[in-house]
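Start from the sequences, fold in the hints, and give me the full structure.
Each residue of the sequence shown is one higher than the one before, starting from 98 at the first, in my numbering.
Since the hints were made in silico from the structure, they are not lab data. Some hints here could point you the wrong way.
[Claimed, not checked] With beta-carbon atoms standing in for the labels, derived distance ranges:
(1) Phe-190 / Ala-104: 25 to 31 Å
(2) Ser-617 / Val-766: 18 to 24 Å
(3) Ile-235 / Glu-191: 54 to 60 Å
(4) Leu-599 / Ala-423: 34 to 40 Å
(5) Ala-243 / Glu-191: 52 to 58 Å
(6) Asp-195 / Tyr-103: 32 to 38 Å
(7) Leu-122 / Ile-183: 28 to 34 Å
(8) Phe-190 / Tyr-103: 24 to 30 Å
(9) Tyr-103 / Ser-172: 31 to 37 Å
(10) Pro-175 / Ile-130: 42 to 48 Å
(11) Ala-104 / Tyr-229: 55 to 61 Å
[Said to hold, decoys possible] Listed next, the in silico DSS-like pairs over lysine-lysine satisfying Cα-Cα at most 30 Å (straight line):
(12) Lys-525 / Lys-514
(13) Lys-615 / Lys-632
(14) Lys-464 / Lys-514
(15) Lys-570 / Lys-559
(16) Lys-514 / Lys-559
(17) Lys-627 / Lys-608
(18) Lys-634 / Lys-615
Each residue gets a CB set at the ideal place from its N, CA and C atoms; glycine is no exception.
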Amino acid sequence: MSVAKYAGQLADAFYAYAVAVNRSLTSNPSANIRNGSMILKNMGMTFEGVGGGDVIVDPDSTRTSVITLVGLNSSKLPQTYGRLIINNQSIEFEALYDDEYYDIWNGRQRPKAKPICGFLGNQCPANFVRDYLAFVAILAVFLLAAVGAAVGGVFFAIRQKQKEIERQDELWHVDIGHLQTIPKKNFEERILQSKSEASQRSFVSGPSTSTKLTAESRNETSRFIFYLFQNEIVAANKHDARPHLTVEERTQLRQPILSHSLVATFFETSEFEVFLNFHFSSISLISRIWKYCSRGSLADVIERSSMQMDSFFMFSLIRDIANGIAFIHSSILNCHGYLSSRSCLIDDRWQVKISDFGISSIREFDKLSKERMLWNAPEILRDETIERSQESDIYSFGIISSEIITRTSAFDMENRKEKPEEIIYQLKKGGFNAIRPSLLVDESLEINPALLHLIRDCWTEKPSERPSIDQVKSLLKGMNDGKKGNLMDHVFNMLETYASNLEEEVSERTKELVEEQKKSDVLLYRMLPKTVAEKLKSGIAIEPETFELVTIFFSDVVQFTNLAGKCTPLQVVQLLNDLYTIFDSIIEQHDVYKVRRNCFFKTKSSCLDGYLCVSGLPHRNGNEHIRHIARMALGFLSSLSQFRISHMPNERINLRIGINCGSVVAGVVGLTMPRYCLFGDAVNTAKLPFYEKEKFRFSAGRIHVSSEANRLLTQVVGGFRTEERGEVLIKGKGVMETYWLLEENGGVRPVLKKERQNSPSSIARSVTPS
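What follows is the structure, encoded as structure tokens:
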């Protein structure tokens with residue numbers, strides 16, 4: 098038999114009604130069973146219902162509903178998780194679990210109170226992606242591209258940073274293969290070229306007596322190797338350190354003060370020598386490369402005693418060094434640490450360039466000589482492990498300044514009896530009167546006393562009492578008295594004054610040189626023909642040359658042996674000098690070259706004198722050579738009429754003259770005392786008739802002419818009168834037809850004509866031009 102759906106609830110209702118009626122009748126048996134109000138007052142009760150569970154009825158006859166929440170646990174078994182108690186006043190939930198998310202909900206998440214699309218599935222929200230697919234696609238592509246660009250930009254920035262680091266590393270690092278070894282010959286030429294360029298801008302510069310001379314003698318020293326880098330001479334400073342540079346040191350090397358990137362900007366106007374780079378040799382040693390400075394270091398300049406430095410010059414050098422130290426102290430380097438006058442280089446513009454700075458860890462491996470330690474501060478000398486500081490640089494600056502104003506080396510070691518070791522010992526000892534360099538300044542220099550006080554403050558014993566570099570610069574600026582001129586302007590002013598004085602001196606010396614040159618040329622032209630002498634002066638070799646037709650003149654003094662026997666040697670010299678002075682003046686009036694004149698003793702009882710001239714060489718003058726020789730010969734005889742021997746006024750000088758025409762060979766003979774000599778049979782023909790014994794005495798005062806010379810005189814050039822002498826037997830030549838030259842037509846006859854007319858040859862017939 099089936100039971101109705103609500104039979105249980107009906108049974109519970111009738112049961113509650115029956116209990117309420119029973120209570121009403123119990124409390125009032127006479128009560129009316131139909132009294133509903135009385136029955137309602139007795140309806141409050143709790144009992145187990147037919148369907149299970151308690152049935153609770155409020156006193157107001159309302160049933161309190163209890164809903165049990167049952168579910169499957171993790172073991173798939175039913176489990177009561179809580180109860181809902183519902184009445185007219187409230188709804189209460191009695192939880193039978195500890196944690197809702199862990200004990201009830203699968204996935205630790207409570208379901209939504211209402212589904213997204215509603216309970217019926219008709220309230221779903223709009224799909225943005227589906228409705229705006231094109232826009233979403235474009236936005237997605239854009240976002241993807243932006244993300245890709247951002248990622249690429251990050252990678253690009255990282256790569257560029259790496260490249261920049263590599264580029265900056267290249268600025269201070271140079272492979273040994275990029276440095277060219279300079280051959281000794283080329284190295285000396287480049288050094289001389291560098292000096293020449295520097296000397297054009299200076300008048301007081303000379304070669305260095307230490308560093309530069311060493312550089313010229315060899316291209317490697319104990320501390321430096323000289324290379325050619327980018328067509329410039331550089332000096333590689335060798336170090337004993339191994340190339341284990343830390344990241345911090347490499348970062349320091351990339352700074353502009355140490356890299357090559359600011360060579361064309363900062364270093365053009367700074368007080369620093371250009372620090373190019375390091376190079377690593379095959380044995381893993383580090384070398385620092387510096388540009389070669391033509392004037393060397395400040396120590397080299399001071400060592401040159403001829404160096405001219407006035408007070409302004411000194412002040413400018415000190416100021417340059419202070420500016421350089423100030424820049425180092427304000428840079429990543431913080432301090433120099435090894436400052437000395439040898440690390441202050443001078444360029445060709447007289448600008449101080451500080452070098453030898455940077456990477457102290459490398460310098461720690463270098464062994465300083467005792468001389469180089471004279472610039473170290475006392476606290477460094479006492480404990481070399483102490484880190485070098487800006488205060489130690491100030492001390493070194495004071496030592497360098499004392500070198501400049503006294504123009505001596507540090508502590509003037511050249512003039513001291515103490516050795517460097519003794520000086521260093523006294524520096525370590527210290528004390529109130531610690532040893533310091535002398536500040537005795539030349540009285541001719543106008544040094545500001547405040548500068549001397551500043552130097553003393555810089556080398557004070559306590560580092561804390563030394564002024565900072567900014568204070569030093571401020572004090573130096575106050576000492577300048579508002580002057581704004583730089584060192585180059587000052588040097589140019591000195592150069593102008595020097596140039597003016599030098600120009601006057603050069604002008605005077607040039608005049609003297611020209612006069613001496615003229616004297617030398619005159620003497621040379623007396624020894625050699627002018628054209629030949631000019632070629633020899635130009636270094637042109639003089640080859641022997643053949644002249645087809647020239648005229649040779651030869652003469653000697655008649656009875657010169659007897660005449661010389663009556664004179665002392667000095668009187669002979671005086672006699673010939675007077676005579677030949679007259680002859681030389683006559684020669685100058687004609688195109689004639691005097692080959693030689695001889696005076697020699699043939700035997701103990703005789704001496705001969707000879708005078709040889711020629712025309713037609715080395716300058717060819719056509720046929721005019723015979724005319725010049727003939728006129729000169731007539732002039733010689735004419736000049737004897739008024740010539741008197743100073744110590745024998747009653748004695749007369751007479752000549753024998755021979756003229757011949759022919760071919761000769763001429764050339765320069767000898768190196769120590771070169772002479773222009775003639776060779777050829779024509780020369781002997783001009784002289785031999787004088788030694789023909791039979792008619793020797795008849796040739797005195799006469800001009801002997803060969804047949805060829807006579808032909809030229811009478812038939813070619815004309816204007817001269819001759820006469821036949823007749824045939825003459827001449828040794829080595831046989832019989833020769835000869836002539837006498839009488840005079841030039843229209844001219845003056847020779848002085849000794851009367852003697853000629855009384856001679857046996859006067860019967861010879863006269864020959865006149867046809």
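Consistency of the hints with the structure:
1. Phe-190 / Ala-104: 25 to 31 Å: Holds, since Phe-190 and Ala-104 (Cβ atoms, about 29 Å apart) stay within the stated range.
2. Ser-617 / Val-766: 18 to 24 Å: Holds, at about 21 Å.
3. Ile-235 / Glu-191: 54 to 60 Å: 57 Å, holds
4. Leu-599 / Ala-423: 34 to 40 Å: 38 Å, holds
5. Ala-243 / Glu-191: 52 to 58 Å: 56 Å, holds
6. Asp-195 / Tyr-103: 32 to 38 Å: 37 Å, holds
7. Leu-122 / Ile-183: 28 to 34 Å: 31 Å Cβ-Cβ, so the 28 to 34 Å window holds.
8. Phe-190 / Tyr-103: 24 to 30 Å: 26 Å, holds
9. Tyr-103 / Ser-172: 31 to 37 Å: Between Tyr-103 and Ser-172, where Cβ atoms are some 35 Å apart, the hint holds.
10. Pro-175 / Ile-130: 42 to 48 Å: Holds - the Cβ-Cβ distance for Pro-175 and Ile-130, about 45 Å, lies within 42 to 48 Å.
11. Ala-104 / Tyr-229: 55 to 61 Å: 60 Å, holds
12. Lys-525 / Lys-514: 19 Å, holds
13. Lys-615 / Lys-632: 16 Å, holds
14. Lys-464 / Lys-514: 25 Å, holds
15. Lys-570 / Lys-559: The hint holds at about 20 Å.
16. Lys-514 / Lys-559: 28 Å, holds
17. Lys-627 / Lys-608: Answer holds: Lys-627 to Lys-608 is near 22 Å, not above 30 Å.
18. Lys-634 / Lys-615: 13 Å, holds
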